[in-house]
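S.K.: Below are the chains, spelled out letter by letter.
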Amino acid sequence: MNAENPGIQARLRLQRSQFTLDVDLQLPGRGFIALFGPSGCGKTTCLRALAGLERAHPGLVRVAGSTWQDDAAGIWLPTHQRALGYVFQEASLFDHLSVRGNIMYAQKRVQSTGRSAVAGAAVAVEQAVDLFGLASLMDRRPATLSGGERQRVAIARALAAQPRVLLMDEPLAALDAGRKAELLPYLEALQRTLAIPVLYVSHALDEVARLATHMVLLDAGRVRASGSAEVLMARLDLPLAQGDAAATIVEGTLVHHDSAEHLSTLGFAGGELHVISTTARPLGQRLRVRIQARDVSLTLERQSGTSILNIVPATVTGLREDSPGQWMVALDAGGARLLARITQRSVTALGIAPGRSLFAQVKGVALLD
Amino acid sequence: MGFTETDLRAIGLTLRLAVTTMALLLLLCTPLAWWLARTRSRWRGPVSAVVALPLVLPPTVIGFYMLAALGPNGPLGQLTTALGLGTLPFTFWGLVLGSLIYSLPFAVQPLQGAFEAVGERPLEAAATLGAGPLDRFLTVALPLARGGFVTAAILSFAHTVGEFGVVLMLGGNIPGVTRVVSVQIYDHVEALEYAQAHWLAGGMVVFSFLVLLGLNLTRRTRLLP
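As you go down the protein sequences, you meet chains Z and V in turn. With our numbering applied, the first sequence covers 1 to 369. With our numbering applied, the second sequence covers 1 to 225.
Hint data in this document are derived by calculation from the structure and do not stem from the laboratory. Every residue, glycine too, gets a C-beta built ideally from N, C-alpha and C. Check the hints yourself; a few may be wrong.
Selected chain V positions facing chain Z (in silico; Cβ < 8 Å) [what the hints assert, rightly or not]:
(1) Ala68
(2) Leu138
(3) Ala141
(4) Gly147
A short list of chain Z residues far from chain V (calculated; beta carbon distances all over 12 Å) [to be verified]:
(5) Thr67
(6) Leu84
(7) Arg109
(8) Ala181
(9) Glu188
Can you make the complete structure from the sequences, with help from the hints?
M.R.: Encoded structure:
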């Protein structure tokens, strides 16, 4: 956050039958920001209130330096005057228009909301069409598209409106596993290229782990935690570090790539990680990898003669029972955070306790960028 | 044998009445149906009931009250006289007014159903893309509800063509002015001109069948909610 890009400020209070949304958020001016929490915790309501589709009262919303709502000062901009892009859970395309017509609908109205003033911030329409592989679909009707294609059009349409923030309400939730897998790479490409912040509502931890740089954890209408995804995902006191999907993110620098073995080596403060990668990237590039807690095992001495490539020294920072017989162990590996899910028997046998030094063996590492 | 001169005049008058009524109803009912489809006001129920009244009332009741209201001593009659329009009963425009009431639910209900089927979401999506309220209505709601407009147009047209009771009470039986096809058939039967009555009545059956067939082929929304 800096003076040019002050990010998003939102103070919202809104009464609902099941809960009261009461949040005070200060979010970065770029990156993928996940609004995460169980169903009915107020994620979608929060997003709609930001967009002006619901009226929070009292409320304060400032995005990229412009005030959209400030009840103390009597300011309220209706949705169509807010420079935002919104992707609904179901694509919500206009069925009476072609794909091109849908995208042009947004583009034609850019001037009317003063959005063009920040033209450099988002992406050009041609770029969005390109990014989402829509060139061959432009003349099709929405009714003839698959679920994944419809959602790609919806995202490109939202970007064509030259928004200062992109709001996405569980864009994958209505898709089956296959379509989800088809759309995720597009979202990852978006995460890499977009210069505006993306607020992404989700209750699926695996999606969030792949995309989020910043996380807001909501519970019963309130913010339970807000911070960088790396930090929040490794916190044992939060529900993120629980169960099968628990994972952490480690950032490192590409130090070597073996193209014969398709193996990249990342250097980070705690050592090196090897990861399968079929694309050669420039050395020195910053990359993020995701490591799932269930793929990490612990040993007291460095093992040799093992097929596991990634073995890093680490210190136990905390542990907590995850499920009967299973414990989640938080580790610090030279500043990088790891989680390991191991059995209660191993916890006892290895004498796992905060401060214990040991080695983390990582069986699976997934590149995120 | 075919149609007589007066038959043709009755057919022409009927078509003129039905087209006029249909056009006016589409204009007037669009905002009304839009309001009914989206309001959360407590007036929604009573207004819906009033709109549906012509469905259940005998046309003679509608005609009788309109005659009373539009006559020289009725409140509307005094208004039209004061405006220099004279009294409307037994004139073409009196019939138009009666037909508007008579066919009102046949225009409002398909439009309301179509607007309800469009739902909130496409309008919200349009708002997030920078479209203001009127823009949203014209570029999203209207095109998405077009099936409802086709249905409303066909139904209000056809229903007006089939009008009898209201016409008889409010318009009387003046050739070329208020004598529509249904009244002409009645006259033929009264005069025992069964062949003439057959021509017109048969024509009405064929016409109605074609209208309903066309409706089935074109409509995308339900007939009535």
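S.K.: Each of the hints needs a verdict: does it hold here or not?
M.R.: Here's how the hints hold up against the structure:
{"no.": "1", "hint": "Ala68", "result": "violated, 46 Å"}
{"no.": "2", "hint": "Leu138", "result": "violated, 12 Å"}
{"no.": "3", "hint": "Ala141", "result": "violated, 10 Å"}
{"no.": "4", "hint": "Gly147", "result": "violated, 11 Å"}
{"no.": "5", "hint": "Thr67", "result": "holds, 18 Å"}
{"no.": "6", "hint": "Leu84", "result": "violated, 6 Å"}
{"no.": "7", "hint": "Arg109", "result": "violated, 3 Å"}
{"no.": "8", "hint": "Ala181", "result": "holds, 26 Å"}
{"no.": "9", "hint": "Glu188", "result": "holds, 23 Å"}
Hints 1, 2, 3, 4, 6, 7 from the earlier list are contradicted by this structure; the remaining hints agree with it.
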